[in-house]
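Student: Sequence:
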Amino acid sequence: MPPPDAARPPAALPRRRLLQAGVAAATAAAAAVPAWARKIPLPIRPPIQRRDTTLRIGYFGDSTTRGAWYNGNPAPYPDNYTFLHLAGLIQATLAEYAPLEVREEGNDAVSGALLLTGGLIRNDIGSIRPFAERLQLQPYDAVIVGVGICDALYGHTPEQFRQTLAGLYATARDAGIPIVFETPNPVPTSTISPLVESYRPLYAAYDLVIDQNQPTEMSDAFHPTIQGYGAKVERVASVLRSAMTRRFMLIEA
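So the sequence shown is numbered by my numbering: it starts at 161 and just counts up by one.
None of these hints come from the bench; they were simulated from the model.
Backbone N, C-alpha and C fix where the C-beta goes; we use that ideal spot for every residue, glycine too.
Some clues are possibly wrong.
Simulated restraints, written as ranges between beta carbons of each label pair [said to hold, decoys possible]:
1. E357 x S287: 27 to 33 Å
2. N283 x G248: 27 to 33 Å
3. D334 x E394: 26 to 32 Å
With the sequences and hints as input, model every part of the structure.
Tutor: Take a look at the structure:
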């Protein structure tokens, strides 16, 4: 899906490098940013010194990021195969816009709280490192975080979830990495709605939020269909185009 011509930077990229430019990227996918949304610029870290010019993006989240399973069995191909239909599609969608690598960093059954602190998810899944450590392991230029479903299933309150989001944001901010939040997929449980509402203040305080609420895009109780992943890709790509346009500029090497 080619980007709008108005947002497209110069096509020729040889002998150029990407530098972070330092203004806040502020948009919501598939919709204009509300007029009341106040955006606060993130601190910008020094440019990463490396030979190539590829923008590297980490995609963190639960099984809706990593790929869904039904009762311990893989979902029917190709539904829920996010390495084909999410991170890979985002990378392909923006390929002609800028050199881009989207790395899938999802973990089955992970809550936002556990993504932040690290620790044991489940005995059959294993443990993960704290979010801060994972950001140190990869030279990411931006990260996407989609959590909340498991926080709701584990009984976390809206206030606990708000603190989780604030912690994830602060961790990325301290690392100088722009962060994009995805609201949770709509699920058939009353516990998720209050947590989704916890994202609303982020429009006024944080940089980027993808707002999604399309129940018809679900293939089961929690995970998108192929069409659902396609819609997620469209929304994420829209936000990333804005982020790359506003945070990065091309200059001669």
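Student: Each of the hints needs a verdict: does it hold here or not?
Tutor: Status of each hint after checking the structure:
1. E357 x S287: 27 to 33 Å: holds (31 Å)
2. N283 x G248: 27 to 33 Å: holds (30 Å)
3. D334 x E394: 26 to 32 Å: holds (31 Å)
In the structure shown, no violation is registered for any of the earlier numbered hints.
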